[in-house]
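Peer 1: One letter stands for each residue in the lines below.
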Amino acid sequence: MPASKIHTVKQTLHVIGQRTPKIDGPTKVTGEALYTDDMRLPGMLYCKIARSPHPHARIRSIDASAALAIEGVHAVITGKDLPVPYGILGWSRDEHALCLDKARHVGDAVAAVAAESEALAVRAVDALVIEYEVLPPVLSIDDAKTLVDEPVNGRARSGNVLKRVELEFGDLKGEFAKSDKIFEADYFFHGTTHAAIEPHCAIAKVDGASRLTVWSSTQVPHYLHRELALVLGLEESRIRVVQPNLGGAFGGKSEPFDLEFCVAKLALITGHPVKCLYTREEVFYSHRGRHPMRMHFETGVDAEGKLTAVRSKIEMDGGAYASFGVVTTYYSGQLMTAPYALPAYAFDSTRYYTNKPACGPKRGHGTVQPRFAFEVQLDEIAHDLHIDPIELRRRNFIGDFTETINGQRITSNGFLECLAAVEKASDWKARRSSLPAGVGLGVAGSMYISGTNYPIYPNDMPQSGVQAQIDRSGRVTLFSGASDIGQGSNSMLASIACEELGVDRRDVVVVSSDTDLCPVDLGAYSSRVTFMAGNACVDACRHLRTQILEVLRSEWHIDEPLDIFAGEVRTKDGKHRLPVKEAFRLAEARLGSLGSMGWYNTPKLGGEYKGGSIGASPAYSFTAHVAEVEVDRETGLVDVKRVWIAHDCGRALNPMTVEGQMEGSAYMGFAETLFEEHAVDARGLHLGPNLLDYRLPTPLDTPDFEAHIVETFDPEGPYGAKEAGEGPLHSVIPAIANAIFHATGARLRELPFTPAKVLAALRATSIPERLPPLEP
Amino acid sequence: MKTLVSLDVNGRTYEIAVSPELTLLEALRYELGLTGSKQGCDKGDCGACTVLVDDRPTLACLTLAVAVQGRKVRTVESLAQANVLHPLQDAFDQHGAAQCGFCTPGILMSAVSLLEQGGDAPDRLSIKKALSGNLCRCTGYTKIIDAVEDVAANTSSPGPPGHTGS
Amino acid sequence: MLPLPPFAYHRPRDLEEAVALLSELGPDAKLIAGGTDLLPNMKHGLLAPKHLIALDAISDLDRVEVLDDGSLSIGALTRLSDLAVHPTIRVLIPVLAEAAAEVASPQIRNMGTIGGNVCLDTRCVYYNQTQFWRSALGFCLKKDGDTCHVVKGGKQCVAACVGDTVPALIVLGAAARVLGPEGMRAVPLEALYTTPGSDHLKLARNEVIVRFEVPRPGERLRSGFFKLRLRRSIDFSSFSIAAALRLDGRTIQDLKLAAVALNSKPRVLNAEKLGVLGQDLTKEVMSHIGEQFQRRATPLDNINVDSQWRKEVIAVLVRRLLERVSAVGAQTASVSS
Ligand SMILES: Cc1cc2nc3c(=O)[nH]c(=O)nc-3n(C[C@H](O)[C@H](O)[C@H](O)COP(=O)(O)OP(=O)(O)OC[C@H]3O[C@@H](n4cnc5c(N)ncnc54)[C@H](O)[C@@H]3O)c2cc1C
Ligand code: SF4
Ligand code: FES
Ligand code: FES
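Protein chains in written order, with this note's numbering: chain A, 1 to 776; chain B, 1001 to 1166; chain C, 2001 to 2337.
Please note that the accuracy of each hint is not assured.
What the hints assert, rightly or not - Mimicking PhoX-like on lysine-lysine, the simulated pairs with C-alpha atoms at most 20 Å apart in a straight line are: (1) B:K1002 with C:K2050; (2) B:K1129 with A:K641; (3) C:K2050 with C:K2143; (4) C:K2311 with A:K757.
Calculated directly from the structure, the hints in this document are not laboratory data.
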């Protein structure tokens, strides 16, 4: 594996760190930006997928004759047409584009049709005669443990267990024995889903040269590329995957889905372009959202509130397929070892298969749930020990440039600054003790990865590549496989080119997420894009910069350092200056056509044990939230009035987009705390797979978010940057839980906090006197 | 059976043959190629398809194309004039109010209608109310409300185009 | 996309033509006003009328007028957003403006009409779902099936009447003016609803609601509306309650409460039934009324909000509404029409 490259921070920055509108902002506000469903190809057919109405059933037979008899119906395919299994993780390829033998959840894909209109395709699906043999469904973790005669998925290790991870670090027994007090409780995190506003859509086309192009609303074009080749039995070099503008993803589009294989196969069969657009209901069935987790946490402390040992036992309801589940199982334990120092730590996590839509990576993959549990437990400890909850967290701070108990390398760490920022902004000290009953403030903290050094398929190639090209008009074109899913990664790349090459933003073009045109980037997941594609882009642009400056130094016969900014190359004293566009032409004349490849790979990281590299990140981000709530004691309705977010993102390459990520993350966490529930009932039916029953908060429900950026300049991140897209979700949830406790004395350990649950908890609580103010 | 209808969209008249069951959203997106208006649910739950019909925010997914004959339809494509962004579009861009941008056309149309109502500059609560039929999954709404507030505070509202006497 | 089933579209120019069309086309025809209830239901395969008869080309159906005798006339096609801001309605009968303002979302209020709201199909978590979802459930009594999932073993659909303006119109003593082949008739709003939830409107298939008549509110009328919902917008009711109250000093002269989002009929109680006529409206009496109402209202699992919790909070919600309504002064200003 090539060594990683560490970019030292330049002295003066001109573009990086500025609030800059996004390069695709104008086309998004005019409605010109094309999303997958905005494309229409001549002769295009429409695909609809027939789905199982049973949570668990063997497919006896499929009779397509009536469907095929409808005029305008071109083809019907079933599992037999796509028999090769796939899966985002190579070692758990446990799903088929269309079920081969049995259906594993309501909504599982069974057959697909292509017809000349969507309405016709719907009719054709209705005309399919599918015979099922209904099997007893496994609909809960308890079912999964007992109903093992007909396992949900044949890939299970044993029974319905996909994966169990047990790891222990430090002297757990000894540390617990030393503890002055041990706190123990059960917590529950419910299922929630991404609910991007754009439903999944894919279009496939085969050209005269038998090359297949798939346009898809995916956040992982590279993995989709690989899996398409695998399942279709085509060479990768004959497939092109393009991700058009994407209408939100959040982890919900980070693996291949049935529709992509179906449109590709149908295009190959019919010779027509084929489109498939999910209905909103299908989006809910494709899911891959937050795993419901039952969690038991046990935490020991000394009399000063210093943590001694933490042990968790976690059970996850994973749904019908593995998805990223093996990673989820690790993440649920591996990412809990900061920002607090843990002298000893152990976790035991198990992910079960059930007959429900598969869970996967939703923003904050695998860690949002245990983080909720642990941060609530910390609040319980603080309350019990009469220590201010912010102070308790400070006392246990792990520090920067250190290592966690499970062997993860921590670089920059601004957690204390995050705590200070939310403490100050919320006027914590004064208001915590003076708020009227029913109103409360709660705090929580967290950490998250900036990508991991663990590629999904083992290989030693770079995680991200960027190509930069300069043409004679003075324009810089960047080619990047990274997926802009709304988070603004293309704009981030453009900013880097502007910084390094002194060009105006209007003179940067970013060509992204097209496997024909762009070097590979592994995808928009694990908060890796800014860190990895950013570093690759710095690498590409620095090559060019160095070359161009060298040409000018020799042209000007000088030796001193030069700077490029605001469209000019110049010496410090300004004696020599030249517009960059001319500099580019000069350099091209001297050196030949200008272009360069940059890339990034992570250094070798992680503990020396099995699974030690899962969750090992080149840098960790840190977050603290304070939430203010008002609880209606007669109804149990909770109103979150305000949320203060402080996030250590390393350097904020563009504070405006960092704030956008912080606000959006806090929104999503807030929403799952109080509003959303992806629930499946005792029949295996989703309780309301639509945006009316699944309540995303509207503007009127959403509190004001106040984002405070904390900068720490990470040595490995591009210009010192770390992630900002997922970390700021985590701690808002326990902050709200802790605020409800502060407001009412009711301790909530089971999400979501529906008014019914809150009211029941209020009734069970004798409201305590507000605690006297605590010394800092 | 298809009937010939004449639709007034963004000041231009389109004559198209439609089936009665075609929604305005399908007509705009798939017949007229005006793909700015988006579909997030197709049944009234999300607001991504919001357009103005006779100046009022309306859900195109629950409107029949045949029913808007004789009415004026305005979509996001009408806002920028000769490549100059509408002040709201500019503010959305400058504030970073569009992340994935999928909700943006619908939200812009609700916001345009709010500002066209004239009167005092709306406060944050009124803005939230006006946008309360539009879901955004990316932004947490903060920057969207900032952008609308900014424009409301800095422009005198002209009223809808074509309306006289202000 | 959720394709609509095919249909023919008719746009009559006057009411008589509409009624004639309804009679002529029979049970395959359906009126469409704003379409915000009908079209989602058609997209869900709950009904597939072969003919839609649009009311929007008929003039004067969207007028709000105060008549000489002080009563109000509200055209059936009046849009909810217009009702919500109508100055006369806001002053004279705020309960109706408040109710209209709480429906759905701004866009849907721009489209939806009061007539459509009153005729809104009953709702149920097992019914307002796609064709596919209902097939996975095995359907239900109300449509294509033979069991009820709300009342296990129930023989009758109990889907909920949830139109927010319904309780408001009821407490105002409003009547619907209905045109049919036989001519015009008046139906008190309260008498419009019946059981079961699968057929909850006492309206013939060929009748059209033309307008609503609200008796003269008089100077002492106080009224108000409260809607319980988990989201502040884009959310149907979990419990909506309207109150109309006349006080003489503090003495209850007249009180009417009506609620929806229970079962297929609104729950209506007046001062007499509550046993508070002539009593002073004290804090205790308000609590007592709340408890009385709670006792007689039974939220069901037809709505996806915990029915036990809804039951528990009804007393509080009713009390709070009474507190609010009795605290503001009765309207006394004279309003010009
Ligand atoms: C996302 C969403 C949220 C919603 N939230 C709410 C809510 O919170 N509260 C609420 O009350 N409603 C809600 N609705 C339902 C609906 O929008 C409103 O009830 C609206 O008022 C219906 O009016 P309409 O004109 O659109 O009715 P339409 O859909 O046109 O008609 C509804 C029914 O009434 C019949 N009808 C209409 N007019 C007449 C007439 N004059 N005479 C006889 N029959 C007639 C029609 O034949 C049809 O059966 C919601 C709808 C959606 C899609
Ligand atoms: S109440 Fe029963 S019969 Fe009626 S819609 Fe609901 S499940 Fe069906
Ligand atoms: S697409 Fe029209 S409201 Fe969602
Ligand atoms: S910007 Fe993505 S949904 Fe609003």
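Peer 1: State for each hint whether it applies.
Peer 2: Structure-based check of each hint:
About 15 Å separates the Cα atoms of K1002 of chain B and K2050 of chain C, which keeps this hinted pair within 20 Å; it holds. The hinted pair formed by K1129 of chain B and K641 of chain A meets the criterion: a straight-line CA distance of about 16 Å does not exceed 20 Å. Our distance criterion of 20 Å between C-alpha atoms is met by K2050 of chain C and K2143 of chain C, whose separation comes to about 17 Å. A distance of roughly 14 Å separates the Cα atoms of K2311 of chain C and K757 of chain A; the hinted pair therefore holds under the 20 Å criterion.
Hint compliance for this structure: every hint is met.
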